[in-house]
Amino acid sequence: MTIDHLTIHGFRNLQAIELVADPSTNIFYGANGSGKTNLLESIFVLCLARSQRGAKDKDMVSTHSDTYRVSGHATVHDRQREVAVAYQQGGRKKITIDGVTARASELFANFCAVSAGPEDSGIVSGSPSERRGFMDIYLSQLSSRHLSRLTEYQQVLSQKNAALRDGLDPDPFNELLIATGTQIMVERAEFVGQIAVLAAEYYQTVAAGRSFTVRYAPSVSVPEEDYSPQLVEDAFRQRLASVAQREEILQSSQAGPHRDELVLEIDGLPARTCGSQGERRSAVLALKLAVYEMMKHRREMDPVLLLDEVFAELDENRTNGLIDAFGSLGQVFLTTAGQPPARLEQHARAFRITEGTVLKAT
Amino acid sequence: MFKSAASVERLATQLARLPGIGRKSAARLAMHILKLPDEQAFQLADTIREVKEKVGFCSVCFNISESDPCDVCTDQRRSPATIIVVEEAADAAALDKVEEFSGRFHILGGRLSPLDGIGPDDLHIKELLNRITDEVTEVIIATNPNVEGEATAVYLSKLIRPLAIKVTRIARGLPVGSDLEYADSVTLSRALEGRQDF
Ligand SMILES: [Zn+2]
Chain A
290 MTIDHLTIHG FRNLQAIELV ADPSTNIFYG ANGSGKTNLL ESIFVLCLAR SQRGAKDKDM
350 VSTHSDTYRV SGHATVHDRQ REVAVAYQQG GRKKITIDGV TARASELFAN FCAVSAGPED
410 SGIVSGSPSE RRGFMDIYLS QLSSRHLSRL TEYQQVLSQK NAALRDGLDP DPFNELLIAT
470 GTQIMVERAE FVGQIAVLAA EYYQTVAAGR SFTVRYAPSV SVPEEDYSPQ LVEDAFRQRL
530 ASVAQREEIL QSSQAGPHRD ELVLEIDGLP ARTCGSQGER RSAVLALKLA VYEMMKHRRE
590 MDPVLLLDEV FAELDENRTN GLIDAFGSLG QVFLTTAGQP PARLEQHARA FRITEGTVLK
650 AT
Chain B
1381 MFKSAASVER LATQLARLPG IGRKSAARLA MHILKLPDEQ AFQLADTIRE VKEKVGFCSV
1441 CFNISESDPC DVCTDQRRSP ATIIVVEEAA DAAALDKVEE FSGRFHILGG RLSPLDGIGP
1501 DDLHIKELLN RITDEVTEVI IATNPNVEGE ATAVYLSKLI RPLAIKVTRI ARGLPVGSDL
1561 EYADSVTLSR ALEGRQDF
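Going down the list, the protein sequences come from chains A and B. Residue numbers for the first sequence follow the numbering used here, so the first one is 290 and each next one is one higher. Residue numbers for the second sequence follow the numbering used here, so the first one is 1381 and each next one is one higher.
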């Protein structure tokens, strides 16, 4: 898909903006605080009705306004679509597709965007829960059932923990934990299986030389890493039986997808502790580009790719490697603080951003 | 500072113990009752007393009833072979509107929810097991299709299965997360038809 035309009102520090985007690469460049990341955020909001930085709607409304509105023309599967996302302080978010009010889930079903930026550093450097969140957020975008399973799993888990704390029999909740937990594990395993190879390849592009490994490490180990539902279920049931006594003593659940980990290694060593900052950044970027490829495959469309300050940590070779990769990607919007790399400027439309407005489009 | 009469405060405290009533609304209700005409206020008190004196729980199925055993338990047209297990009396009332069902009920009086401090001993589970005699051939578990209802169903089926009785679970024809009480009879009858062996 591509965003062809974009109109922004009342969004963060941005002035009223109207711009015509290039179907391939678009560069927003300007000083820090000029508003280029906000511009990227507004495009993400247009595609998915939420911020890639996890910001709340009320915080995305300009201080000079009580409403933000982002609208645009998009081309999806060769069809022209009109989409708008608006939010009024204290009210509800309003989404329209082709002039008709729509739910966020319809937006997910019709449009697709993947972002990478400084806000993603936690995927490599943060706690395991951030890596579980990384898996789950994209799985939820692919299927709304995943999200409802996560919610149900969380409810079952709270009840089981309460039973353990109060010395009640946790067993009735184990059956439900196995049912929903198995599905979550099967989906995560499939997701990681799909992005692992792609991430390794992209890492070579942006950080040539060393190898990057991505591996799913569920808290319930499954023999031969064969994640077919029946095997996962059996393994989960066995594991719960074997930790039952420990759970009773510790009064908390010891096994299940809430304790899963996504192992990220550079040359066989944990990226979190052994990678340099540049390597960790490259690892995040490789993961996001892999997600992009996977989404493209599963959704049968090119997602809009939003890259915030990804050149900052890359040397010239790696920057060029990444730019060469753009040729095979769909529409890209990226920001950079300095003058855009020369090699990129030739093939891209550049927008200079100053004090929340677009000064020049080349 | 103004201090209200002790008896008004006592009334407010008691009202605040009712579900869904906070301390502020309890104080408002107490003031409202104070302002009511005598007749109306006494009527309220009398009705509460009457309900408590006349209406009780059936000692067999724990449905609310003015007689013990209740009308359902003594109705000879209803087969004693099938017992349908529900969480609350309101669920039994909803299922009773479904013509396909002519068995008897058992009301658990809640569902397993450790978060609310409710375990098996807080439900009428022992009484259910005592009811399972030779004339019973099937127990249908119709707890709500949410986490707590499902857990209760799992718990019951594990208890009942060793008794060599058919245990079925009402089918998932109900919208997920819904309460039986609010499901319409078409949905309920479809759910009953499609019940599955545990
Ligand atoms: Zn009765």
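Derived from the structure by calculation, the hints contain no laboratory data. No experiment lies behind these values; they were computed from the predicted model shown. Quick reminder that beta carbons are idealized off the backbone N, C-alpha and C, glycines included. Mixed in with the good hints there might be a few duds.
Selected chain B positions facing chain A (Cβ under 8 Å, derived; list incomplete) [what the hints assert, rightly or not]:
| # | residue |
| --- | --- |
| 1 | Gly-1402 |
| 2 | Ser-1405 |
| 3 | Ala-1406 |
| 4 | Asp-1418 |
| 5 | Gln-1420 |
| 6 | Cys-1453 |
| 7 | Leu-1492 |
| 8 | Pro-1494 |
| 9 | Leu-1495 |
| 10 | Gly-1499 |
| 11 | Val-1527 |
| 12 | Glu-1530 |
| 13 | Leu-1539 |
Incomplete in silico selection of chain A near chain B, CB under 10 Å [claimed, not checked]:
| # | residue |
| --- | --- |
| 14 | Tyr-318 |
| 15 | Arg-392 |
| 16 | Ser-416 |
Evaluation of the provided hints:
no.: 1; hint: Gly-1402; result: 24 Å, violated
no.: 2; hint: Ser-1405; result: 25 Å, violated
no.: 3; hint: Ala-1406; result: 28 Å, violated
no.: 4; hint: Asp-1418; result: 46 Å, violated
no.: 5; hint: Gln-1420; result: 40 Å, violated
no.: 6; hint: Cys-1453; result: 28 Å, violated
no.: 7; hint: Leu-1492; result: 6 Å, holds
no.: 8; hint: Pro-1494; result: 4 Å, holds
no.: 9; hint: Leu-1495; result: 4 Å, holds
no.: 10; hint: Gly-1499; result: 4 Å, holds
no.: 11; hint: Val-1527; result: 5 Å, holds
no.: 12; hint: Glu-1530; result: 6 Å, holds
no.: 13; hint: Leu-1539; result: 10 Å, violated
no.: 14; hint: Tyr-318; result: 48 Å, violated
no.: 15; hint: Arg-392; result: 17 Å, violated
no.: 16; hint: Ser-416; result: 25 Å, violated
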